[in-house]
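Asker: Each chain is listed here by its residues.
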Amino acid sequence: MAAENIKHAFFCAVITLIIAYPILGLNLIPSGAVVSLEGADGSTIAAIIAAAVVVFLFQLFRDSLMARLGFLSRVNPLSGREPMPQHKRARLESWLLTGIIVLALFWPFFVSRGSVDLATLVLIYIMLALGLNVVVGLAGLLDLGYVAFYAVGAYTFALLSQYTGISFWMSLPIGACLAALFGLVLGFPVLRLRGDYLAIVTLGFGEIIRILLNNWTHLTGGPNGIGGIPEPTLFGMEFGRRIKEEGNTSFHETLGIAYASEHKVIFLYLIALVLAVITGLIIRRFMRMPVGRAWEALREDEIAARSLGLSRTAVKLSAFTIGAFFAGFAGTVFASKQGFISPESFVFLESAIVLAIVVLGGMGSQIGVILAAIAVTILPELAREFSDYRMLVFGAAMVLMMVWRPQGLLPMRRIHIELGKQG
Amino acid sequence: MLEVKNLSMRFGGLLAVDQVSVDVKEREIVSIIGPNGAGKTTVFNCLSGFYKPSGGQILFEGKEIQGKPDYKISRMGMVRTFQHVRLFGNMTVVENLLVAQHRHVNTNLIAGLLKTPDYRRREKQSLERARYWLDRVGLLDVANREAGNLAYGQQRRLEIARCMVTEPKLLMLDEPAAGLNPAETKELDYLIVSLKEDYNVSVLLIEHDMSLVMGISDRINVISQGRPLASGTPEEVRQNDHVIKAYLGEA
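In order, the protein sequences belong to chains Z and V. Residues 1 to 423 in the working numbering are what the first sequence lists, from first letter to last. Residues 1 to 251 in the working numbering are what the second sequence lists, from first letter to last.
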């Protein structure tokens, strides 16, 4: 244990004190019109000091502690095993996915309404993340404004239903195609950009869309948003207690069952599930098609790809457009689920969360992205007990994740096309 | 087939290529040689469209191609390799060849999603073409390995195979023998000649290995410090005083 270790540990402890005391130790107490600052009570201060001591001790003995942790990998019988052969892995993967989907189909009938609602949100995030995965994970284009396409999909449905009374099912392809068109239009100017520059431009585009929605008051209602977005119907059957639109019938009357508000929630969940599965399957096929190979080739070596006659324009635009298309999908479902949308729902944080899902899951890996979407959406809900500190818990989980598995939960291991024996 | 007239390339104040002319006829192997830094690769970059030449004319099969985007030139049938091998390292050997055949496959997204008969047929054809070329360059055994894990000599051959599956008319090889041992260079020698003999491709070659250049070239262009120094058959070039001076220094 060198002297510099003590110095380092001492420094860390001081930083802990400096950061923790103002955050945890000081409270703003409103009393009438004025707000007064109140210091912490003895127990909080003791806790903060204890935390600093823990940090100090941990940093002091860090090296030996970490060395001890090394035995953990020996305990794990799966570590250092040969990777599974590709065809076996592919089969396992598809069985696993089928199992999850079947489970997900029946699951909502046995749980509370709140869980189904949350699960619908998870599915929307899965759709978004799978779409962004095409752009970031497969084509290697860092897009920080992905939420813009989500907004386009949501607003397309909201506006069309408000002005023309179009239904959810009609609006789903329209919203997705319009989002894809926006992806195409954005794609053109950013083709030459790469890495940081691309990230900045797409970030700007995301903000432009949000600010436009905010300020184009007479069309979009500005910050007031748009309400009264209709729910999806099932062959003309509505899920509300009373029928809103002429010519429709209501679900519970047609089937002759008692009205229950869960029906609507479960129906929305199932729609989201089906769309998420479709998204996953389509993208899965894309990955093995010429376009998927072209994305990967361009990501790995742009110059070599171009020298073989791949057009950078076409390849990058296709990734952008397809990614945006599925964001539009997700946006339409989101608008229908919420019944009300405003620019507030499409802030940069949403882009960041979706990107975090893709990175956490492991770039390019579909199962990883699905797991990460579940984790990222549900973790803050589980951490509700920590009330104010839940974002802190969430952040800590992210940091730990990046320290231990920087490649993501399940990094992509692509299914290679194999050349069989002569045949 | 390829006519380059008075090609010039200027980077700011530096005239990297000055009035270079090259001529490649059908079924001919033409080499460009010259000391390091002479501007050979710059000529290649101009021809393949990575640089927009500052002056001169490039005619490929009678059509002007100077300033055209690289991928269009490649689609016309002029495909190149690189001085430092540029493979798609995370893709398998056979996938490298599939990427190169995107012009021959059905790239229609809907057709691919539905696996239409045409899509399947073309995918199968491209796999067969890949198999043929892997067999041709002796890489069939490693077809399903990741390209980045191949030995250097194998990577070189894969790069040539990757060009050949695009069915080019003119193959441009930038120092294909760099980093190869004498036995591998010998194999490469046979391969290049057979490409010309069996598949009617013309070859434009940049190379430092003189035994290779002198052995297979129909004609040789020598450039030094961006300027053309001499051109002619291997025999003529070998005896040219300027060339001897440039390579060996003044006596």
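Be aware that one or more of the hints could be misleading.
A short, non-exhaustive set of chain Z residues, derived as facing chain V with CB atoms under 10 Å [unchecked claim]:
#: 1; residue: E38
#: 2; residue: R68
#: 3; residue: M289
#: 4; residue: L409
#: 5; residue: L410
Facing chain Z, from chain V, some residues (calculated, C-beta under 7 Å) [said to hold, decoys possible]:
#: 6; residue: D70
#: 7; residue: Y71
#: 8; residue: R75
#: 9; residue: H84
#: 10; residue: F88
#: 11; residue: H104
#: 12; residue: I110
#: 13; residue: E128
#: 14; residue: R131
#: 15; residue: A143
#: 16; residue: N144
#: 17; residue: R145
Calculated from the structure, these hints are not laboratory results. Given the structure is predicted, the values throughout are model-derived calculations rather than measurements. For each residue, glycine too, the CB sits at the ideal point set by N, CA and C.
Asker: Evaluate each hint against the coordinates.
Answerer: Hint check results:
no.	hint	result
1	E38	58 Å, violated
2	R68	35 Å, violated
3	M289	4 Å, holds
4	L409	20 Å, violated
5	L410	17 Å, violated
6	D70	5 Å, holds
7	Y71	5 Å, holds
8	R75	4 Å, holds
9	H84	11 Å, violated
10	F88	4 Å, holds
11	H104	10 Å, violated
12	I110	11 Å, violated
13	E128	10 Å, violated
14	R131	6 Å, holds
15	A143	4 Å, holds
16	N144	5 Å, holds
17	R145	10 Å, violated
Consistency with the previously given hints fails for numbers 1, 2, 4, 5, 9, 11, 12, 13, 17, ordered from lowest to highest.
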